[in-house]
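For the record, the sequence lines run as chains G and V.
So that you can map any letter, position 153 of the first sequence is 153 in our numbering, and since no number is skipped, the others follow by simple counting.
So that you can map any letter, position 274 of the second sequence is 274 in our numbering, and since no number is skipped, the others follow by simple counting.
Treat the hints with caution; some may be incorrect.
[To be verified] Across the chosen pairs, the derived CB separations fall in these ranges:
(1) 199(G) - 99(V): 42 to 52 Å
(2) 51(G) - 99(V): 47 to 57 Å
(3) 253(G) - 99(V): 51 to 61 Å
(4) 112(V) - 53(G): 44 to 54 Å
(5) 99(V) - 249(G): 56 to 66 Å
These are calculated hints, taken from the structure and not from any lab test.
In this text the structure is predicted, and so the values were computed from the model without any measurement.
For glycine and all other residues, C-beta sits at the position ideal for the given N, C-alpha and C.
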Amino acid sequence: MLRVIVRRLLQLVVTLIALSALIFIWLRNLPGGPIEALLGERATPERRALLVKALGYDQPILVQYAKFMQRVLTGDFGNSIRTGDPVAEVIGRAFPATIELALVAMIIAIGLGVPLGYLAARHHGRLLDNLSIAGTLLGISIPIFFLGYLLKDVFTQNIHWFPPSGRLSTGLDNTEVTGFFVLDGLLTREFDATADALWHLILPAFTLATIPLAVIVRITRASVLDVLNEDYVRTAEAKGLRHRVIRGRHILRNALLPVVTIIGLQSGALLSGAVLTEKVYNWGGLGTLITDSISGGRDYPVLQALILLAALVFVVVNLLVDLSYAFIDPRVRVR
Amino acid sequence: MSDPTTRPGVAAPRDGADTPDTDKPAAGERREGMSERSIGLLGDRKKARLDELARAGAEKGGVSLVRDAFRRLRRNPVAIVGASIVGLFILVAILAPLLAPHDPAQRFDELTKTLTVDNIPGASSEFPLGSDPLGRDFLSRLIYGSRQTLFVGVLATLIGLTLGVLIGALSGAFGGWVDNILMRFTDVMLALPALLLAISLVAMASRSSQWTVIFAVAVVNVPIFARLLRGSMLAQRESDHVLAARALGVKQRNIVLRHMLPNAMTAVIVQATLTLSTAILEAASLSFLGLGDPDINRAEWGLMLGVDGQRYFEVRPELAYFPALAIIVVALGFTLLGEAMREAIDPKNRR
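Extracted from the complex, chain G is given alone in its bound form (with noise of 0.2 Å):
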């Protein structure tokens, strides 16, 4: 087991500083740059050599990735281009927003889906099931940001259940510890902010969910009915057990193993979903960060840690899942 750890880190820091080696060499070796970005096109010489200087593009290109990733280990990512903030502290800002967004979507996946696909198995060909599989297949072909727009249409424009955007309403007072909104009112004791955050979370985590949602309820569904062919399932059936007994501890506990790996894959789903959703709500995480960055002129410091890091937090869930297999299914550790 400690084996397989070891390698499979060793594998992901290997993964990692190929992956900054390929973006910082690419980022940087193209026309039309953060230079001109900044200057506009009709920069003087002289100005335009004045900055390259300043942000050190003069140096050989070795140079500048060494000099890179001795900062990134230390943890420091130059400043970003547009606003000549630290890009360390510009992503710290952004980075909860995201979290709580894609945790709460996570919570609304797992928790819908899971029953769902559960239920679904269990009326196998009946009414529930076809319009689970209907269900599902309109949640993976419906582009999410539309899905956004749509919600949002109908839940704040049409019948004003919830905000349109933002995470908090304007002029609630707020004291910001972790920056997780949910968690600080907790903390701090304001439950109307923490209700004012979670009233806000409702539509974009749900809007976000879709997609982790439909996979889950077909991966569960297609796993529940493998199982509930098995002779153990009928045996434990045969033998008088509770259906609750039956369900938790012979059918879900073998029928989640599935479910589990697909939660690491579809984090990454949630990522993604993350920068089309957040734009919808103008959340101001890490999403709508990449879309600024790239918009406003190519904000090379801020994409090249954005990237670095949304391969991190991908790379890292899958490998807790992985990991985390040997925990729940002891065949597993015995191999």
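Mind docking chain V on chain G? Use the hints.
Quick look at chain V alone, frame taken from chain G:
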């Protein structure tokens, strides 16, 4: 659950699995040389005959396998719905000039006359779906949009498939360090979630165009096809038909091209059908993020939904509804067809 090695997006088989037999090709060649020396002409004739038999067998097996799958496919209502949608989509794309009432790029005076930022003319007898934000016939643009959408989807999928199959085949055929390097390469691509990888790729170009979108969506799919093919090839290395071919002294190149690759291609084609759906959706997402094709004359559903549909959602939501509906239906069509195909070739369902 089905075999994890053949499922896309799922962890590939353990890397150690292919190490024990890396020296087999060499051994096979040595044996080939020996047999030629000792049996000579007879061996050559035998080999030719066996090759012929292998080919005949493969063809016969291939036809019946495909026919078998096709028979199941035809009886499956899901497949029929999917195929009908896809067929209709392609038909509309081909016949667009005949179906569209107007030139999709022409701005009409009747429409631009009353056109403002908060007023986009609605349906009239001449323009059944009204105007787009630039005073062009929305229906015609929608019909022509099928062409461009099909073009982007198919091209992105084909490029992704070609590169992926190339990497996967090399990896699966050679194994060893080639496999190791190529798979680390796909690891790097898989380390980023799909849309984020596409965004980073588009962001690397100084300005986006139709081609950056196609390229970005294509690259996202490369590791998926590569892993799929590699898994299938690795699984086949151990299988009896490859072992038999190797024992007969069939050249390594021929084993790969004639015995392994054809067997793996069905899964690749199924994956390509499913990819068409995600490619169209991903192109639409890129347009929505402002990273799409900047050509304002181009009629493409993703662009229409992602740019105009979004900008004028409050003014005229139809500008979003129709392209969105078109995208959803077509994506659904490819997904249904792909899933039905996957089910049809799955040996578990063979009766």
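Comparing the hints with the structure gives:
1. Between residue 199(G) and residue 99(V) the Cβ separation comes to about 47 Å, which falls inside the hinted range of 42 to 52 Å.
2. Residue 51(G) and residue 99(V) have their C-beta atoms about 53 Å apart, which keeps the hinted 47 to 57 Å range intact.
3. With their beta carbons about 55 Å apart, residue 253(G) and residue 99(V) fall inside the hinted range of 51 to 61 Å.
4. Here the CB-CB span from residue 112(V) to residue 53(G) is close to 50 Å, well matched to the stated 44 to 54 Å.
5. As the Cβ distance of residue 99(V) to residue 249(G) is approximately 59 Å, the hint placing it in 56 to 66 Å holds.
Hint check: no violations occur; every hint is consistent with the structure.
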